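> Now for the letters of each chain:
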Amino acid sequence: MGFYIVQTLTGLSDASSLFLVACGLSLIFGVSRIVNMAHGSFYMVGAYLAYFFIDKLPQGPFHFWIGILLSALAVGLIGMIVEVFLLRRLYHAPELFILFATFGIVLIIQDLSRWLFGAEDILGQQAPGLSSSINIMGSYIPQYDIALIIIAPLILLGLWLLLTKTRWGILVRAATEDREMTDALGVNQTWLFTSVFFLGSFLAGLGGAVQLPKGGADLLMDLNIIATAFVIVVVGGMGSIPGAYLAAVIIGELNAFGILVFPQSTLVLMFLVMAVVLIIRPYGLLGKEEAPEHDNAPAPESIIRPASRRLKTAGAVFLAVILALPAVANTFQLVLITEIALFALACMSLYFIMGPGGMVSFGHAAYFGGGAYFAALMVHYLHTPMELTLFLAPLLTGCLALIIGWFCVQLSGVYLAMLTLAFAQICWSIVFQWGAVTGGDDGLLSIWPSAWASNKIIFYYLAMTLCIGGILILRHFIFTPFGYTLRACRDSALRVDSIGINLKRHQWFAFSIAGIFAGLAGGLYVFLKGSIFPDEMAISRSFDFLFMVLLGGVNSLFGPIAGSAAFTWLHDTISRINLWQLILGSIFIVLVVAFPQGIAGSIGSRLNKYFRDPA
Amino acid sequence: MTSNVLEVRQLAKSFGGVKAVSNVSFDLARGQLLAMIGPNGAGKSTCFNLINGQLRPDHGTITILGKKANGLKPRDVWKLGVGRTFQIAASFGSMTVLENVQMARLSYHRQTTSLFKSVPRLNRDHAMELLRLVGIEDQYNRACGVLAYGDVKRVELAVALANDPKLLLMDEPTAGMGPAERQEMMALTSSIIETRNIGVLFTEHDMDVVFGRSDRIIVLNRGELVAEGTPDEVRNNRRVQEIYLGEEPV
Numbered sequence: 001m002g003f004y005i006v007q008t009l010t011g012l013s014d015a016s017s018l019f020l021v022a023c024g025l026s027l028i029f030g031v032s033r034i035v036n037m038a039h040g041s042f043y044m045v046g047a048y049l050a051y052f053f054i055d056k057l058p059q060g061p062f063h064f065w066i067g068i069l070l071s072a073l074a075v076g077l078i079g080m081i082v083e084v085f086l087l088r089r090l091y092h093a094p095e096l097f098i099l100f101a102t103f104g105i106v107l108i109i110q111d112l113s114r115w116l117f118g119a120e121d122i123l124g125q126q127a128p129g130l131s132s133s134i135n136i137m138g139s140y141i142p143q144y145d146i147a148l149i150i151i152a153p154l155i156l157l158g159l160w161l162l163l164t165k166t167r168w169g170i171l172v173r174a175a176t177e178d179r180e181m182t183d184a185l186g187v188n189q190t191w192l193f194t195s196v197f198f199l200g201s202f203l204a205g206l207g208g209a210v211q212l213p214k215g216g217a218d219l220l221m222d223l224n225i226i227a228t229a230f231v232i233v234v235v236g237g238m239g240s241i242p243g244a245y246l247a248a249v250i251i252g253e254l255n256a257f258g259i260l261v262f263p264q265s266t267l268v269l270m271f272l273v274m275a276v277v278l279i280i281r282p283y284g285l286l287g288k289e290e291a292p293e294h295d296n297a298p299a300p301e302s303i304i305r306p307a308s309r310r311l312k313t314a315g316a317v318f319l320a321v322i323l324a325l326p327a328v329a330n331t332f333q334l335v336l337i338t339e340i341a342l343f344a345l346a347c348m349s350l351y352f353i354m355g356p357g358g359m360v361s362f363g364h365a366a367y368f369g370g371g372a373y374f375a376a377l378m379v380h381y382l383h384t385p386m387e388l389t390l391f392l393a394p395l396l397t398g399c400l401a402l403i404i405g406w407f408c409v410q411l412s413g414v415y416l417a418m419l420t421l422a423f424a425q426i427c428w429s430i431v432f433q434w435g436a437v438t439g440g441d442d443g444l445l446s447i448w449p450s451a452w453a454s455n456k457i458i459f460y461y462l463a464m465t466l467c468i469g470g471i472l473i474l475r476h477f478i479f480t481p482f483g484y485t486l487r488a489c490r491d492s493a494l495r496v497d498s499i500g501i502n503l504k505r506h507q508w509f510a511f512s513i514a515g516i517f518a519g520l521a522g523g524l525y526v527f528l529k530g531s532i533f534p535d536e537m538a539i540s541r542s543f544d545f546l547f548m549v550l551l552g553g554v555n556s557l558f559g560p561i562a563g564s565a566a567f568t569w570l571h572d573t574i575s576r577i578n579l580w581q582l583i584l585g586s587i588f589i590v591l592v593v594a595f596p597q598g599i600a601g602s603i604g605s606r607l608n609k610y611f612r613d614p615a
Numbered sequence: 001m002t003s004n005v006l007e008v009r010q011l012a013k014s015f016g017g018v019k020a021v022s023n024v025s026f027d028l029a030r031g032q033l034l035a036m037i038g039p040n041g042a043g044k045s046t047c048f049n050l051i052n053g054q055l056r057p058d059h060g061t062i063t064i065l066g067k068k069a070n071g072l073k074p075r076d077v078w079k080l081g082v083g084r085t086f087q088i089a090a091s092f093g094s095m096t097v098l099e100n101v102q103m104a105r106l107s108y109h110r111q112t113t114s115l116f117k118s119v120p121r122l123n124r125d126h127a128m129e130l131l132r133l134v135g136i137e138d139q140y141n142r143a144c145g146v147l148a149y150g151d152v153k154r155v156e157l158a159v160a161l162a163n164d165p166k167l168l169l170m171d172e173p174t175a176g177m178g179p180a181e182r183q184e185m186m187a188l189t190s191s192i193i194e195t196r197n198i199g200v201l202f203t204e205h206d207m208d209v210v211f212g213r214s215d216r217i218i219v220l221n222r223g224e225l226v227a228e229g230t231p232d233e234v235r236n237n238r239r240v241q242e243i244y245l246g247e248e249p250v
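Those sequence lines, one after another, are chains B and Y. Be aware that the first sequence starts at 1, since it is given in this note's numbering, and climbs by one per residue. Be aware that the second sequence starts at 1, since it is given in this note's numbering, and climbs by one per residue.
Everything labelled a hint here was simulated from the structure, so no lab data went into it. Take the hints with a grain of salt, since some may be wrong.
Label-pair ranges, simulated between beta-carbon atoms [as the list claims (entries may be wrong)]: (1) Y:L115 / B:L570: 32 to 40 Å; (2) B:D178 / Y:T230: 37 to 45 Å; (3) B:L325 / Y:L115: 30 to 38 Å; (4) B:V593 / Y:I88: 30 to 38 Å; (5) Y:F15 / B:P306: 44 to 52 Å; (6) Y:N40 / B:L570: 51 to 59 Å; (7) Y:G31 / B:I403: 49 to 57 Å; (8) B:Y381 / Y:D76: 42 to 50 Å; (9) Y:L115 / B:T166: 54 to 62 Å; (10) Y:G71 / B:I5: 45 to 53 Å; (11) Y:I88 / B:K288: 38 to 46 Å.
Just so we're clear, the structure is a prediction, and the values are computed from it rather than from any experiment. Idealized CB from N, CA, C, for every residue including glycine.
Put together the whole structure using the sequences plus the hints.
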């Protein structure tokens with residue numbers, strides 16, 4: 001009995017810091033509509049700074065809590081600086097670009113933290129005066145956990161008072177409900193955004209700081225928590241602070257008890273809960289249906305035309321170059337070009353749901369990595385030949401996308417994107433944590449092509465055939481009735497519904513098609529590299545794909561190819577440098593600030609003009 | 001088999017205790033243009049959205065072409081043979097005018113999941129014919145997103161006609177149009193009703209259009225049906241005059 005009580009209390013105390021992070025994220029999103037990827041980084045920095053401050057300040061309970069508070073304030077300040085110097089310039093840029101800027105911050109903070117605090121995991125200090133345990137019917141619970149359990153409801157109460165009883169809180173709620181109207185009523189949005197960013201970041205920092213004595217600090221905290229925070233926000237209902245608390249408690253308890261039932265991956269249970277909640281209440285437990293934004297639909301993509309003569313000629317020349325390359329390129333270059341082709345195929349599949357489908361996926365690595373792992377596992381355990389593997393892996397990935405997609409299409413816009421990220425993170429954690437089957441962090445090794453294709457040049461031709469074939473098939477799909485229907489769903493949900501089309505079903509179908517082709521790319525990747533590691537499924541890989549697509553331009557059908565070539569080359573060049581994540585993050589930010597309307601946009605439209613048939 | 005394409009009986013819908021529509025009943029026969037009017041907040045939009053499936057009624061029945069349509073989703077209402085145009089035109093901005101209509105035909109032929117054919121040639125002739133009918137065939141190759149608003153409304157009408165509907169629901173078909181354009185649009189609608197023998201239910205704020213064009217008018221006020229009849233009957237109705245007193249003379 002005592003054991004269950006203690007387990008329940010542990011879950012509640014875990015919920016506290018989850019709640020702090022999630023409600024900060026929710027507040028910021030509510031007012032500014034920014035999905036702040038760096039929110040998890042703020043949480044991580046909170047933990048590191050708390051360690052630093054507590055270490056430097058004198059001992060004692062008073063100074064301990066002062067240290068916690070100082071670190072939260074410092075993180076709030078960091079958030080404010082980010083808002084004032086970076087995000088404020090970007091409020092008129094497309095949402096995805098802002099997201100990229102925040103992901104750039106994730107990379108920069110990641111490398112800076114490694115540099116400042118070291119790569120070693122840090123064990124948090126004990127809280128003075130709360131370092132012993134309480135005996136509950138024979139089981140023990142740390143006093144500090146009890147303190148955490150008390151903190152969260154206090155913060156919840158404080159936030160509630162702040163939001164309902166102060167003028168500032170009323171403005172925040174008004175802006176969350178209708179940003180344009182608040183603006184039209186003459187509210188100073190600049191100041192409001194900055195203050196909300198401060199509060200949100202403060203809460204993230206506080207969340208990181210208070211969990212330090214329990215969980216310490218490490219460099220994986222940022223992306224681990226952001227996925228959980230997304231799940232909490234989606235489950236609790238976007239913009240609902242009590243909802244965030246409720247969801248945090250559910251997830252906290254789930255982790256506390258889930259570990260007893262299914263120690264491999266408690267994230268799987270989290271997925272199940274999220275699934276159930278979304279089926280019953282698509283807008284979260286305490287969320288309301290999103291009020292439609294004012295008519296600021298994104299500029300419609302231009303109409304598509306079949307390939308012109310010029311484009312076909314250019315394609316033929318391109319193909320000839322690909323065919324002739326092995327004659328001049330060395331093995332290393334061939335492998336790099338094969339890699340580019342694989343990424344181009346994965347990007348094309350992402351583009352398929354993002355461009356014509358209008359559904360942004362933050363978790364496309366789930367399918368790329370999924371295909372790779374399906375292939376690797378089949379070869380490793382069943383010794384399937386390469387040919388069969390390359391046939392089955394995409395199909396299995398398609399099934400995975402079918403499952404994930406079903407949930408994702410229940411939502412739309414940013415909510416959908418968050419869900420894709422959460423699912424990808426769940427897939428990653430299964431692969432990462434289930435070491436007995438997947439090899440965990442050590443990956444799966446020695447997976448090579450069949451004998452006939454083991455020659456690098458032959459494998460190059462094989463991969464090129466499949467990738468170019470896949471890309472052309474996906475391009476063909478865009479011109480079929482299904483592709484048109486997908487675009488119709490993106491352009492006007494209202495109109496689609498009124499001409500008898502089931503929007504969700506088509507979007508769902510699109511998800512699985514994208515999954516199949518990303519899975520093919522992933523399968524090929526395993527045979528190219530001979531091994532697979534969980535990194536190929538990680539969030540950063542998903543963002544690589546997104547970045548490639550954006551780099552090439554969402555508006556052109558061949559953008560994904562150009563984007564993946566540019567990105568793979570860039571990555572290959574800088575990844576040998578120390579602190580390369582910092583450089584990559586800075587490049588993200590510079591590109592977004594310099595070209596807020598799209599990087600390839602201007603070049604792309606010029607090219608489009610050239611390749612159009614004369615009217 | 002009655003000649004009514006739409007029969008509404010005792011329709012009611014409340015939003016959190018506020019009765020938006022209560023006890024509304026009316027019929028619409030083939031070949032008729034029926035206007036639904038009333039001051040702001042009278043329940044026109046609610047009534048409209050109950051019929052087209054956007055909202056579920058609390059009470060009452062809606063019968064479309066002899067089939068019960070209560071609580072059907074909009075896409076299923078469409079399958080009964082209903083076309084819709086919106087107050088704020090909804091079209092596919094990234095497609096050409098022709099493709100917009102082709103899209104509706106694709107849905108009609110249940111081809112939307114096909115991954116083999118290529119769209120540009122599918123249903124082209126039929127779609128062109130519809131564009132000729134609404135008078136914008138010369139713009140067939142332009143993107144819908146760049147059309148003048150009045151033309152988008154015409155495209156919408158062509159799209160709404162693509163499933164050969166027997167009932168057309170038009171929510172403020174002339175909103176955002178100039179006076180001449182309004183009359184053109186309604187003349188077009190009248191001729192379509194005649195040639196295709198369909199019933200049209202529309203809401204409208206412009207009283208010239210309503211009294212000049214419709215065969216019958218129903219008047220809503222505070223969620224209730226207060227008058228029904230020919231334009232002349234409605235014009236001379238005391239209650240209608242009271243409701244509209246102070247507004248433009250009718």
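> Give a verdict on every hint.
We went through each hint and held it up to the structure:
A C-beta distance of roughly 34 Å is found between L115 (chain Y) and L570 (chain B), which places it inside the suggested range of 32 to 40 Å. Judged by the Cβ atoms, the range 37 to 45 Å given for D178 (chain B) and T230 (chain Y) holds: they are separated by roughly 43 Å. Taken as a hint, the range 30 to 38 Å holds for the pair L325 (chain B) and L115 (chain Y), whose Cβ atoms sit roughly 31 Å apart. The supplied range of 30 to 38 Å is met by V593 (chain B) and I88 (chain Y), whose beta-carbon atoms lie about 35 Å from each other.
The hint said 44 to 52 Å for the Cβ distance between F15 (chain Y) and P306 (chain B), and at roughly 49 Å that hint holds. Checking the proposed 51 to 59 Å range against N40 (chain Y) and L570 (chain B) shows it holds: the Cβ atoms sit about 57 Å from each other. The supplied range of 49 to 57 Å is met by G31 (chain Y) and I403 (chain B), whose beta-carbon atoms lie about 51 Å from each other. At about 47 Å, the CB distance of Y381 (chain B) to D76 (chain Y) agrees with the hint of 42 to 50 Å.
For the hinted restraint 54 to 62 Å between L115 (chain Y) and T166 (chain B), the CB-CB distance of approximately 56 Å keeps it satisfied. The hinted range of 45 to 53 Å is satisfied by G71 (chain Y) and I5 (chain B), whose Cβ atoms lie roughly 47 Å apart. Separated by about 23 Å at the C-beta atoms, I88 (chain Y) and K288 (chain B) break the suggested range of 38 to 46 Å.
Violation of the numbered hints given earlier is confined to hint 11; every other hint is satisfied by the structure.
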